[in-house]
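Mind docking chain G on chain E? Use the hints.
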Amino acid sequence: MAETNQTLEVGDMMSASDEGQQYLTFILAGEEYGVDILRVQEIKGWDSVTHIPNTPEYVRGVINIRGTIVPIIDMRIRFDIEQLAYGPTTVVIVLRVQGENGDRIMGVVVDGVSDVYNMSDEDIKDAPDFGSAVDTKFVKGLATVNEKMVIILDIDHMLNSQELNEVDSVVE
Amino acid sequence: MSIDISQFLVTFYEESFEGLEIMESELLNLDVGAADNETINTIFRAAHSIKGGSGTFGLNAVSDFTHVMETLLDEMRDGRRQVTQEGVNILLSSVDVLREMLTALRDSAELNVQRVAATKQQLDTLLGGDAVSSEEKPQAEQAPVESSFQLWAIDFRPHLDMLRTGNDPVRMFRELSDLGELNATVDVSGLPAWDELEPEESYLNWKLALDSDKDEADIREVFEWVDDECDLNIHQAAGLFVEAQHEEAAPVQPLATPPIQDKTDTVAAVGTNAGSAKEPARKPTASGDTSIRVSIDKVDELINMVGELVITQSMLSQYGEAEKIDTAGIERLRDGLGQLERNTRELQESVMRIRMLPISFAFQRFPRLVHDLSSKLEKNIQLKMSGEQTELDKTVMEKIGDPLVHLVRNSLDHGIEKPDVRREKGKPEQGTVHLNAFHQGGNIVIEIIDDGAGLNKDKIIEKAVGRGLLVEGEAVSDEQVHDLIFHAGFSTADTVSDVSGRGVGMDVVRKNIRSLGGTVEVTSKVDIGSTFTIRLPLTLAILDGQLVKVGTETYIVPLISIIESLQVKMDKVNTVSGKGEVYRLRDEYIPVVRLYHVFDVEPDGRELTTGLLVVVEAEGEKVALFVDDLFGQQQVVIKSLETNFKKVGGVSGATILGDGTVALILDVKGLMGLYQKQTPARDLYLVKSSDAAA
Chain E
82 MAETNQTLEV
92 GDMMSASDEG
102 QQYLTFILAG
112 EEYGVDILRV
122 QEIKGWDSVT
132 HIPNTPEYVR
142 GVINIRGTIV
152 PIIDMRIRFD
162 IEQLAYGPTT
172 VVIVLRVQGE
182 NGDRIMGVVV
192 DGVSDVYNMS
202 DEDIKDAPDF
212 GSAVDTKFVK
222 GLATVNEKMV
232 IILDIDHMLN
242 SQELNEVDSV
252 VE
Chain G
3 MSIDISQFLV
13 TFYEESFEGL
23 EIMESELLNL
33 DVGAADNETI
43 NTIFRAAHSI
53 KGGSGTFGLN
63 AVSDFTHVME
73 TLLDEMRDGR
83 RQVTQEGVNI
93 LLSSVDVLRE
103 MLTALRDSAE
113 LNVQRVAATK
123 QQLDTLLGGD
133 AVSSEEKPQA
143 EQAPVESSFQ
153 LWAIDFRPHL
163 DMLRTGNDPV
173 RMFRELSDLG
183 ELNATVDVSG
193 LPAWDELEPE
203 ESYLNWKLAL
213 DSDKDEADIR
223 EVFEWVDDEC
233 DLNIHQAAGL
243 FVEAQHEEAA
253 PVQPLATPPI
263 QDKTDTVAAV
273 GTNAGSAKEP
283 ARKPTASGDT
293 SIRVSIDKVD
303 ELINMVGELV
313 ITQSMLSQYG
323 EAEKIDTAGI
333 ERLRDGLGQL
343 ERNTRELQES
353 VMRIRMLPIS
363 FAFQRFPRLV
373 HDLSSKLEKN
383 IQLKMSGEQT
393 ELDKTVMEKI
403 GDPLVHLVRN
413 SLDHGIEKPD
423 VRREKGKPEQ
433 GTVHLNAFHQ
443 GGNIVIEIID
453 DGAGLNKDKI
463 IEKAVGRGLL
473 VEGEAVSDEQ
483 VHDLIFHAGF
493 STADTVSDVS
503 GRGVGMDVVR
513 KNIRSLGGTV
523 EVTSKVDIGS
533 TFTIRLPLTL
543 AILDGQLVKV
553 GTETYIVPLI
563 SIIESLQVKM
573 DKVNTVSGKG
583 EVYRLRDEYI
593 PVVRLYHVFD
603 VEPDGRELTT
613 GLLVVVEAEG
623 EKVALFVDDL
633 FGQQQVVIKS
643 LETNFKKVGG
653 VSGATILGDG
663 TVALILDVKG
673 LMGLYQKQTP
683 ARDLYLVKSS
693 DAAA
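Chains as they are written, first to last, in this note's numbering: chain E, 82 to 253; chain G, 3 to 696.
Keep in mind the hints are simulated off the structure, nothing from the lab.
Since we're looking at a predicted model, the values are computed, not measured.
In silico DSBU-like links for lysine-lysine, alpha-carbon gap of 35 angstroms or less:
1. E:Lys125 x G:Lys648
2. G:Lys429 x G:Lys386
3. E:Lys125 x G:Lys641
4. G:Lys641 x G:Lys551
5. G:Lys551 x G:Lys401
6. G:Lys326 x E:Lys125
7. G:Lys465 x G:Lys427
8. G:Lys551 x G:Lys649
9. G:Lys465 x G:Lys513
10. G:Lys649 x E:Lys125
11. E:Lys218 x G:Lys648
12. E:Lys218 x G:Lys679
13. E:Lys229 x E:Lys206
14. G:Lys649 x E:Lys218
15. G:Lys641 x E:Lys218
16. G:Lys551 x E:Lys125
17. G:Lys427 x G:Lys378
18. G:Lys648 x E:Lys206
Bound-form chain E, shown alone (with noise of 0.2 angstroms):
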């Protein structure tokens, strides 16, 4: 049931405003990061996955969400961030991505679920370049919200891309 009355919330939070767009933030060791919500399917808590073999260890497996199989990807894995035991707070986020063969449900993993903030484009300011350093590869821009620093990441190509090409070259 708390599945649901989230996935609720985020509808009535949506239809609250329509000063520019909404984003979701999650926490991802102590950074914040922002998504569009309209890409949101559902926010659910972390359940075991059904592993999935010879793919890249940021996939943590597969899940059945109401008869779909959807795959898992841990954000942390993903941005190289240390790992963490999974908490009562860990959630998955379902995402739909847009990829040229149309929209697929992804889920990822992520510390927890923090707010939805309204911004516009102007808001979003792009990302400095950090050369090797950092991968801003995913990063759409960064936005400031009450002092604060978001990262607003572009889902499509985070998911999608490399993703894809690494998946890929395993089954080759």
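Here is chain G on its own, set in the frame of chain E:
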């Protein structure tokens, strides 16, 4: 028109192809000489709807072509023309041409224009030519002019009640303005006095000048829906008119009443973004959207079941809300759960049934095939079909089509003898090919029975020896001999014809059928005939699986690929160069694949004796999968991993188990590939089971 009609194109194509199939099968039913009027009518109706539809979508080539066919059919219907074999043959090839045209249009592919022209020529000749072709010619002559812009003068006088039929001239003008530069002048002389004015009647007449590179047919298309509700006069304006129009335009326009003026303004404005919008609309989406026609009964049945499910659910939640559940309450809950289970199962069954189509969809192409081939091969062959209503999954149906065609061709070419040969053998001159389908267990069985020569055992053995498949003098059973014809490159035909005999095919047939999880066998008696029996699972969506356990993971092995499961006796395990393990099963050495190793999971035990070996086979190769334990067998619903993820090596899909968790379904062939990649190549020379057995 603001409605995007391209969305109906898909339906149009689908219906047209259905119509073509009807035309084809009815044409084959047509008795030359004594044609049944109802049959001709059916063909005529199908042709007519294709013509109408293609006209609506502006597929003029198609509608022109169908028009000629229709004329011919019309004459036949009215008895003005004899139904001749020649006529039927031309109509049949016209059906083929139409199908090609529609396919080409749908896929935006190249069309063999020559063939279309040739067939149309044939039709025209048959019709006595001139009447029709003279109608076509002026249009052809116009063709060179079409490419350049020219001025069209359109005199458009709607009847009083045109607006009542829901047709809005403004929309038509807007569409016209897509064709080119449009100038509209309105004639308000028909307007009655204000108090006599009926708001729903149209009193205005228009003179339109269109500067467009389109031809008359394109312009007429705009007025297609109001054909009967207006007087329309379209003609090519001479150069003079251009002058006149320029002079005229200025004084006439102010005459228009203010609201109408607005309308002309919008039209003119739209006119500036000319032309291009129309073209893309015609291009069909090449996406692989397929649809299925479901009888309303099946849908009603589903709705009923969902209704019952809802009732059961509300009953259960009512019981569940009781503050204290006593023994009687538990009893009631149990009953309710039982009912829920029943409902769910029924619901699942009827949902599956939606995907089921009668096999007649696959069978319907055979009358034509037999008709064409028997005249080509100079044989007298009758086709019998039974069990056409046997249902099977749409996906299976699509994939079984080609193998079936191959087998039927084979029977026609190799099976049935020529009439004189049959007479000598004391058989009726007319040979029979019988297609039969029925359900057996969870399978559908399709039989192709011919009363021809049967398989020539000696000839097959001779060929097999020649190709080194058999050793001369080796004793072989009938089944083994029959099995030989499924080998690649095997043909007993003395001459290679364009029908069959190249020896490609039977192996492909078997491969395709196996990929569907089915089997094909043949039984044959010399001079009595052969029977090919195909057995297929009813659906690809459900699979009989064996659940196996490796560590904490559960995998599903398709039951069809399992040969046996056994406990390991260590003395039968050997290694090849210390790495590649093989297990001796009777007289075969079978490579052992440690599933935990291939899939990189932590097993319960690494000693072969602690677990079990599941011997599986794929495409003639065997391997023994080492697993920790076997769980039960169950039917599982196959879910695609690719929908949201990617194809994974060694895994053909996933399913959801009773507890809601996901289990992976193993792809035995893929697993072998993975295993071979992981094992260094030099270990493999002995491991191939066929080599080891020799």
